[in-house]
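Engineer: On the provided structure of chain A, position chain B as indicated by the hints.
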Amino acid sequence: MLEESKLWARVVELLMHVKSDKAEIRTAAWNEMGKLSEKVIPLSDLSSSEDKPVAKAAKGLLEAIAHRAARPGAKEEAKEVSEKLLEVASSGRPVPVRAWALHLLGFTADGRAVPGIARLLKVTEVQEEARLALERIPGSASTSALKGASKTTSAPFRPNIEQSLRAREATPKTVGTTLVKR
Amino acid sequence: MLKSNSKALLCLSAEKEKRGKALKTKNPITRRDLIKGSAAVVAGMPYVLPSGVIALPGRPGPNDRIVYGHIGIGGMGRSHVVADSCAALCDVDSNHLAEVAKTVKGTPLLTKDYREVLDRKDIDAVTIGTPDHWHAIMAVHACQAGKDVYSEKPTCRTIQEGQAMVNAAQQNKRVVQIGAQGRSNPMAHKACQFIRNGQIGKVNHVEVWHSNNWSGGWGTEKAPPLELDWDKWLGPARWRPYNSDCAHFNFRWLMDFGGGFIRDRGNHVLSVAMWCMDADTKGPVSVEATGQSNPNGIWDVPVTMQVKWEFKNPDWTMTWDQPGAQYDKIEWGAKYHGDRDTLIVSGGDGGCDTEEKAKRYSPPADGKHIFLDPYVTDDPTERHRQNWRSCIKSREKPVMSVELGFNVVILPIIANISYQLGRKLRWDSLMHRFIGDEEANRMLAQPYRAPYFL
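Top to bottom, those sequences are chains A and B. Just so you know, we're using the numbering used here here: the first sequence kicks off at 70 and counts up by one. Just so you know, we're using the numbering used here here: the second sequence kicks off at 141 and counts up by one.
Hints are computed from structural coordinates only; laboratory data are not their basis. Each hint should be verified, as a subset may be incorrect.
[Unchecked claim] Straight-line Cα separation of at most 20 Å, EDC-like style, residue types lysine to aspartate or glutamate; simulated pairs:
id	chain 1	residue 1	chain 2	residue 2
1	B	Lys564	A	Glu93
2	A	Lys144	B	Glu578
3	B	Lys448	A	Asp90
4	B	Lys372	A	Glu197
5	B	Lys448	B	Glu496
6	B	Lys362	A	Asp120
7	B	Lys362	A	Glu119
8	B	Lys564	B	Glu428
9	B	Lys448	A	Glu101
10	B	Lys508	B	Asp481
11	A	Lys148	B	Glu578
12	B	Lys261	B	Asp224
13	A	Lys121	B	Asp224
14	A	Lys148	A	Asp120
15	B	Lys564	A	Asp90
16	B	Lys452	B	Asp568
17	A	Lys91	B	Asp461
18	B	Lys372	B	Asp253
19	A	Lys121	B	Asp513
20	A	Lys91	A	Glu101
21	A	Lys91	B	Asp224
22	A	Lys121	B	Asp253
23	B	Lys452	B	Asp418
For reference, chain A alone in the conformation it holds in the complex:
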């Protein structure tokens, strides 16, 4: 086990490496990371560090992990990462840590994670982030969850839920119209 300060330095370094413009450095960093889902909880804890650069790097690395896991053809990896993110979001960790996990769930989660996210619509501190995550997740499960919540949620939060439902129903009507010759 690396001593704490070295671990922090390594997190910062890894974030730089996974964002490198050199493919071989990125690949090596991802290989070193190993199983992505195993990194979600320790990095979430690190993201509330009082050492600001370390907290920022941990948050950035979590984001990189979420997007990596949600890449095309990696559904199981996305599912595993989503489960860990939901564990963080549902925990008693500081609200910003839980809110960040929910933000990332908006990118990684599919219908399987929706019931867990929907439960958080009842938790005042994170209900807005849960709503924003559900609004992003395509499919009927998240629509049903939002519709269900619109009937049971508290009055002050109901307009927010209704807004998400309206946004999901909106269909862009301008496809192709910008490419017409003047």
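Structural biologist: Coordinates of chain B only, in the frame set by chain A:
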């Protein structure tokens, strides 16, 4: 609070409909009526006359004065203020309001709520100079309220916002100009004619460069200053506590509000590039972006960034490089690589310049003559505004219409998404969607904070 705001937004369209019906049933007042009524102006009516009473609704006549409302007047938006025809000033910072109010004639409405500007029947057109995350929602609501719009670049923050803006402008028949004034810059025009007439041969690569994004700055989370309505500053964006390194000018270093130089000045240079490459009705087929994240400070745009867009039919590539080559020690610009020669175009906004060979060039009679509005002023930004004003009266498309502005801003939007996702993406320019990447498509829209919606 949220509920009442939401209602107010909905009321706006209802009121517009009511207003439209009322106007249809009345006989338009003639110019002679206006002259007869001029005594009333002296007798104490507002300094700025409602233009709607002297011409057809939404169509000021060729000699009519256009009445403006100005929204977002802390930065570039301040330069758009028309001192002798301003009916309203709007900014979420009361210091900005007080400063600009001193410079205009009469007693315009001063407000922190843009909806009050849109509700004014005497206002024909609005300028929007807010941070990026407000552009789309204000522009859409302005179009729905029957106002013509000059919105600062970049057009919007997301693909969905751009679609909504185009839709609103087309459905409501509004004149919407995007403030990418390279399209009104005679130097950019010279470069465009030079390239489009084949003077450097077939261009296969446009190399865009810019100095690095700013880095550093942790700021302090604290109560916002009294003059600033922080909740309104955030508007549709995700809530976050006030931090001085986030507000006002610094919005551009955060993805939630701006998106770095590539969306800021990048929008200028990319706009000129799309013009020179005759690519206003085309889009890339792929984008790949990498960059070095910022280890310190609250800002989350990368410090350095490299992007490659690929275009097909014809085949060419464009690259964005921070800090890049910085040819001739120029901070930002583009080098066009043709199969016979190259051309450097520095900047892309009001400060654009190019090489002597392009400046000296005039196309032959049967060559390609690119349109440039013939205004007599040395200031490209003013030329750009004049083009908008002229189009408000003629109802023609301005030189940087919302359709063109949207087509340009797609480039930095999808580049930032590629950077955030850490992978190359394929893009469908017709459908405005990524191909084969469901997660990337989740980033085409940004869920809004209630009660804001498009």
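Engineer: Run every hint past the structure and note whether it holds.
Structural biologist: We went through each hint and held it up to the structure:
1. B:Lys564 x A:Glu93: 15 Å, holds
2. A:Lys144 x B:Glu578: 11 Å, holds
3. B:Lys448 x A:Asp90: 12 Å, holds
4. B:Lys372 x A:Glu197: 18 Å, holds
5. B:Lys448 x B:Glu496: 29 Å, violated
6. B:Lys362 x A:Asp120: 19 Å, holds
7. B:Lys362 x A:Glu119: It holds: about 17 Å lies between the C-alpha atoms, which stays within 20 Å.
8. B:Lys564 x B:Glu428: Answer holds: B:Lys564 to B:Glu428 is near 4 Å, not above 20 Å.
9. B:Lys448 x A:Glu101: 27 Å, violated
10. B:Lys508 x B:Asp481: Judged against 20 Å, a Cα distance of about 19 Å means the pair holds.
11. A:Lys148 x B:Glu578: Answer holds: A:Lys148 to B:Glu578 is near 14 Å, not above 20 Å.
12. B:Lys261 x B:Asp224: The given pair, whose Cα atoms are some 18 Å apart, holds under the 20 Å limit.
13. A:Lys121 x B:Asp224: 49 Å, violated
14. A:Lys148 x A:Asp120: Since the Cα atoms of A:Lys148 and A:Asp120 sit roughly 31 Å apart, the hinted pair is violated (cutoff 20 Å).
15. B:Lys564 x A:Asp90: 12 Å, holds
16. B:Lys452 x B:Asp568: Roughly 12 Å between the alpha carbons, so the hint for B:Lys452 and B:Asp568 holds.
17. A:Lys91 x B:Asp461: 14 Å, holds
18. B:Lys372 x B:Asp253: 8 Å, holds
19. A:Lys121 x B:Asp513: 52 Å, violated
20. A:Lys91 x A:Glu101: 16 Å, holds
21. A:Lys91 x B:Asp224: This hinted pair is violated, its Cα atoms lying about 56 Å apart.
22. A:Lys121 x B:Asp253: 35 Å, violated
23. B:Lys452 x B:Asp418: With Cα atoms ~13 Å apart, B:Lys452 and B:Asp418 stay inside 20 Å; holds.
Hints 5, 9, 13, 14, 19, 21, 22, counting from the list given before, are not met by this structure.
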